[in-house]
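Asker: Chains as they are written, first to last, in my numbering: chain A, 1 to 224; chain B, 1 to 177; chain C, 1 to 359; chain D, 1 to 400.
Check the hints yourself; a few may be wrong.
Over 12 Å on every C-beta distance to chain C, these chain D residues come out as not near it, computed from the model [claimed, not checked]:
(1) Asp19
(2) Leu154
(3) Arg158
Here are the simulated DSSO-like pairs of lysine-lysine, each with C-alpha atoms no more than 27 Å apart in a straight line [unchecked claim]:
(4) Lys355/D / Lys105/B
(5) Lys45/A / Lys194/D
(6) Lys213/D / Lys45/A
(7) Lys53/B / Lys20/B
(8) Lys107/B / Lys328/D
(9) Lys352/D / Lys107/B
(10) Lys195/D / Lys33/A
(11) Lys79/D / Lys129/A
(12) Lys162/B / Lys226/D
(13) Lys339/C / Lys207/D
(14) Lys93/C / Lys153/C
(15) Lys79/D / Lys9/A
(16) Lys324/D / Lys174/B
(17) Lys75/D / Lys68/B
(18) Lys105/B / Lys226/D
(19) Lys45/A / Lys195/D
(20) Lys75/D / Lys174/B
(21) Lys68/B / Lys373/D
(22) Lys9/A / Lys207/D
(23) Lys75/D / Lys252/D
(24) Lys377/D / Lys75/D
(25) Lys189/A / Lys179/A
Computed, partial: chain B to chain D, Cβ under 8 Å [to be verified]:
(26) Met43
(27) Asn84
(28) Cys120
Calculated directly from the structure, the hints in this document are not laboratory data.
Backbone N, C-alpha and C define an ideal beta-carbon position, used for all residues, glycine too.
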Amino acid sequence: MSEYFSNIKTGATTIATGMAITLRHFFNAVKRKGDAGIDDPDYFKQVDGLCTLQYPKEAVPTPTIGRYRLYNDIDDCIGCCQCERACPVECITIETIKVTNDDLAACGKTSGGQQKRFWLPVFDIDVAKCMTCGICVSVCPTDCLVHSPVADFSEFDVRNMVYHYGNLTRIEAEAKKRKLQEEKAAKEKAAAEAAARGEAPAAKPAPKPKPAPAPKPESDQAGE
Amino acid sequence: MDNGMEEAGNIMPAAVQESKAAYDIIKERFGSAVSEFDANPTMPFFEVVDTSKWVDIALFMRDDSRLKFNYMACLSGVDYPEQNQLGIVCNLESIGHHTHRIAVKVKCQRDGGSIPSVSCVWHTANWHEREAYDMYGMTFDGHPDHRRILCPEDWTGYPLRKDYQVQETYHGIKVPY
Amino acid sequence: MSQSPSLNTWSEALSGFYIGWLPLGLLIVAAIPLVFIALYALTYGVYGERKISAFMQDRLGPMEVGPWGLLQTLADILKLLQKEDIVPTVADKFLFVIGPVIMFVGSFMAFAVLPFGPAFIGADLNVGLFYAIGIVAFEVVGILASGWGSNNKWALYGAIRSVAQIVSYEIPASIALLCGAMMAGSLSMQQFSVMQAGPYGFIHYYLFSNPIAWLPFIIYLISSLAETNRAPFDIPEAESELVAGFFTEYSGMKFAMFFLAEYGSMFMVSAILSIVFLGGWASPLPNVGGLALNDLTSGPAWGAFWIIMKGFFFIFVQMWLRWTLPRLRVDQLMYLCWKVLTPFSFIAFVLTAVWEIYK
Amino acid sequence: MQELGKAELNSTRIIRQNDNRVVIEKDLDTEYMVLSMGPQHPSTHGVLRLECITDGEVVVEAEPYLGYLHRCFEKYCEKVDYPGIVPYTDRMDYLAGMNTELAYCIAVEKLLDVEIPRRVEFIRVIVSELNRIASHLVAIGTYGIDLGAFTPFLFCFRDREHILNLLEWISGARMLYNYIWIGGLSYDVPADFKKRVAEFVTYFRPKALELQKLLTENEIFVKRTKGVGIMPAEVAINYAWSGPMLRGSGVKWDLRRNDPYSVYPELDFEVPVPDGRFSDIGDSLSRHLVRAWEMDESLKIIEQCLDKMPEVEGFNSRSAIPKKIRPKAGEVYGRAENPRGEVGFYIVSDGKSTKPLRCKARSSCFVNLSAMKDLSKGQLIPDLVAIIGSIDIVLGEVDR
Chain A
1 MSEYFSNIKT GATTIATGMA ITLRHFFNAV KRKGDAGIDD PDYFKQVDGL CTLQYPKEAV
61 PTPTIGRYRL YNDIDDCIGC CQCERACPVE CITIETIKVT NDDLAACGKT SGGQQKRFWL
121 PVFDIDVAKC MTCGICVSVC PTDCLVHSPV ADFSEFDVRN MVYHYGNLTR IEAEAKKRKL
181 QEEKAAKEKA AAEAAARGEA PAAKPAPKPK PAPAPKPESD QAGE
Chain B
1 MDNGMEEAGN IMPAAVQESK AAYDIIKERF GSAVSEFDAN PTMPFFEVVD TSKWVDIALF
61 MRDDSRLKFN YMACLSGVDY PEQNQLGIVC NLESIGHHTH RIAVKVKCQR DGGSIPSVSC
121 VWHTANWHER EAYDMYGMTF DGHPDHRRIL CPEDWTGYPL RKDYQVQETY HGIKVPY
Chain C
1 MSQSPSLNTW SEALSGFYIG WLPLGLLIVA AIPLVFIALY ALTYGVYGER KISAFMQDRL
61 GPMEVGPWGL LQTLADILKL LQKEDIVPTV ADKFLFVIGP VIMFVGSFMA FAVLPFGPAF
121 IGADLNVGLF YAIGIVAFEV VGILASGWGS NNKWALYGAI RSVAQIVSYE IPASIALLCG
181 AMMAGSLSMQ QFSVMQAGPY GFIHYYLFSN PIAWLPFIIY LISSLAETNR APFDIPEAES
241 ELVAGFFTEY SGMKFAMFFL AEYGSMFMVS AILSIVFLGG WASPLPNVGG LALNDLTSGP
301 AWGAFWIIMK GFFFIFVQMW LRWTLPRLRV DQLMYLCWKV LTPFSFIAFV LTAVWEIYK
Chain D
1 MQELGKAELN STRIIRQNDN RVVIEKDLDT EYMVLSMGPQ HPSTHGVLRL ECITDGEVVV
61 EAEPYLGYLH RCFEKYCEKV DYPGIVPYTD RMDYLAGMNT ELAYCIAVEK LLDVEIPRRV
121 EFIRVIVSEL NRIASHLVAI GTYGIDLGAF TPFLFCFRDR EHILNLLEWI SGARMLYNYI
181 WIGGLSYDVP ADFKKRVAEF VTYFRPKALE LQKLLTENEI FVKRTKGVGI MPAEVAINYA
241 WSGPMLRGSG VKWDLRRNDP YSVYPELDFE VPVPDGRFSD IGDSLSRHLV RAWEMDESLK
301 IIEQCLDKMP EVEGFNSRSA IPKKIRPKAG EVYGRAENPR GEVGFYIVSD GKSTKPLRCK
361 ARSSCFVNLS AMKDLSKGQL IPDLVAIIGS IDIVLGEVDR
């Protein structure tokens, strides 16, 4: 019997405690937490009150380290394809054309002063596939591939999630390819060591059919 | 094992010696049914050669007061294509009695091979064995609930075998992405 | 029944209003509670609950539609109206359709005996309280019909639980109200308020003038939560257990009907609680010295204000409880009803009787 | 009283009573009902499906069906090199990414035999303890929701948000960190990190107390969980339960103590186990209490780590990461204490490839959930919900 009454008593008191807590929060609702970022010294200053942020208007700032949208600075990209190999989800597609000797100046140098040796007709990042692990960024030798802290980049059409960073149009790429072929043909005749290098273009067309929707990037580029 | 990573380089760390002591007891009892002890520093193990003795060994390991391997941390299926075998690896240890831990390997034929089920010894083996069956296709004799667990029941093939070829369609849905 | 000359004057005048053979006045009398339920459910019921729960949980609540999200409920209604009205093929169509209607009618009909101020009452029955108790139980039929008619296992569970719950909680609730009836010596809803009105305001309320009244007051407060399926007694619609309980299969306006019925009966039980124990439309402010606060805040319009405010206060308490407490289990619910509330309501009954005889 | 005959069909019994009257007793025709709970059900925490055979409100048997979230983690591991697996481990237990990463890295580091800088170890412990608190907050909050209390859930998520912000600040991502790398960390912590974590600890203590008053001490909550789903210690060990589940059954077993890794041996913390004062040992309430207590212990650990963490000028958190991760041939079973229990990785390396030959993840929820069938026998449906909640499953980890 005493257990019966003590049950009722603890029930009543704990319910009252709980209700006091919620009521305190109810009256604290006049205060708001604000959208201070975590690197702000005042971050933990306001401990009571509403903590909702109305997202598009207010947002907690993404830290600069934030690992969200992949961005490639194509001017600095040397076409080493390390990111493509490192990517666990294969969201980066790269096609390279070796730069012929007379084009080296046209191809230019990276901001670090390194000579670029590849044209990049295709450098596509499917950010819809990207899982923002940051492995590609860690292997990039010129730090041209970075995750930007832009977290909100939704699209209505999933095809728009494929970002094209290639620095040649399709027609230019064809021309460069032909040029390379010609140079190679010329060299093949000349030297025996050129034979080893001559295998490179033979291997190159093999991965080419893989990015089958090739006309699509072109139309997108045309649209731009 | 105070800090496994750092001591891993030593010849025979204390943890491996403990496992060896436990192994010696099993070896003494079952003789040629178990293989020699592999005293590698990362995961000391022995193999059950006579597969039919596996349940007896398991029961002995669980119940013998010197062993008391009452906790099966993990049971993993493994594919050994070179030896044309499938196998399981059990990581065992003792909670509340001893500090030793050991791994046991049991292997069977790759095609239609079977391993006795130890789900009656360690209940946890029930789902682990179902998973191993699901992924590798070895059967577990005496398993109370021998079904696939992660893949759908009508899935063809065993996905984690090294020679696994994914089916083209599943109920009209194209499988390879 | 009428004692004070102003009692029920508005509603009687209205009901005598005819255009030809059409009793337009009576229709208006009936329509007023309907409009009230709709408006209050829209504003305080849904919007208020969302805001109150939000503030208790450190959230903002609806903010997008209109200033401070004031038009959110209208947007929701619009959405519900546009939704496809699905009737499952295997459902019992008649029961499925009639269920929400019965529920809504049940909660709406009880408004007939709620006095909105001294001058307005739908029907001043001399068994008003009895009628109100009876009509609340009518909702059970609607719940059972919709739960069974849905032909869904979760809905069936919800319906069965609900019936067991509401029928059980009728007993402590009725006995608690009976204590009030003993104090007033009447079952008429107007009479309760008349008895508790006076120059000293809240001192005349039974809750404060009667030393025992707090016990039936609390008992009725608890059992009214159970009767309206509000947390912590919301096991018929227990979201985490039964998905949505008896209205799992409902969509569109039928779903909205359940909501209206829920908020309707929430106000109804709150109003009954405030009428029986807190003086209904009687002003709580006392005449202090020369300051005739009570007289100033009495009258038909003030009466309507007071009863609605008292009702709203108890609705706030209901929401407050809902957003604080976990849910009881079925057997614990029955334990609370039969082993705690019912014995205590009998004790309260006896004590009230003793007090009424010897006071 | 003597039973004369019995008809099986509608359980009719013919009984001769003591006064020689023959009575035909006929029970009510009752049938079992098969209730499919999930995969879309509010309290199955994702996509678990329970096929319950129910007798009224009583669950006669509940059979869990898994695989709705199966993402072939182990198959992926055979295709991806060692560092590439780390982001996948995040996605296993998405509520405690740091802890799972740590377990995986410990396993590979055992194979590789690398020396980890001390500062890295301390940061690892801090982030995994922060993540443990975040994970327990979700567990406690959703457990409140399972039992019908909404408000604690939002309080928990409010506080978890701070942890996620902290972790985003150091790793760049909110949930799927890829922060702990094999042999190091992806980044060193920002300058103010220690200060902010210390502020978080002082912020969180009163909030945890409030949560305890609001939820754990509430009589309805206690009544709903006490004595529900009792798991005796021996059976729990036999089912290889681990983490708060096993400790809830009264077994003082914590990998941070019993198979210590990282710098845990240097840290002073308790392994909380229920003592039967507040709960019946092994019931749902015990498991809940262990989680609540563990949050306090984690706060203690974090404070100690903040004190002990060495400050190194120009520290490079990637200094110990091997250039090419290609472990020598061998096998390893490495593990760590996840918020849900023991997470282990069994890795086989052939010594030639940069990809593991086999990487099996021993997920704690998978093992903990396997006892569901035994636990649910004869419980009420609301108790079944309470039990699932107390197991604290993350389907990402169960199905992998």
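Asker: Please list, smallest to largest, the hint numbers that this structure does not respect.
Answerer: Those not satisfied are hints 2, 3, 12, 13, 15, 16, 17, 18, 23, 24, 27 and 28.
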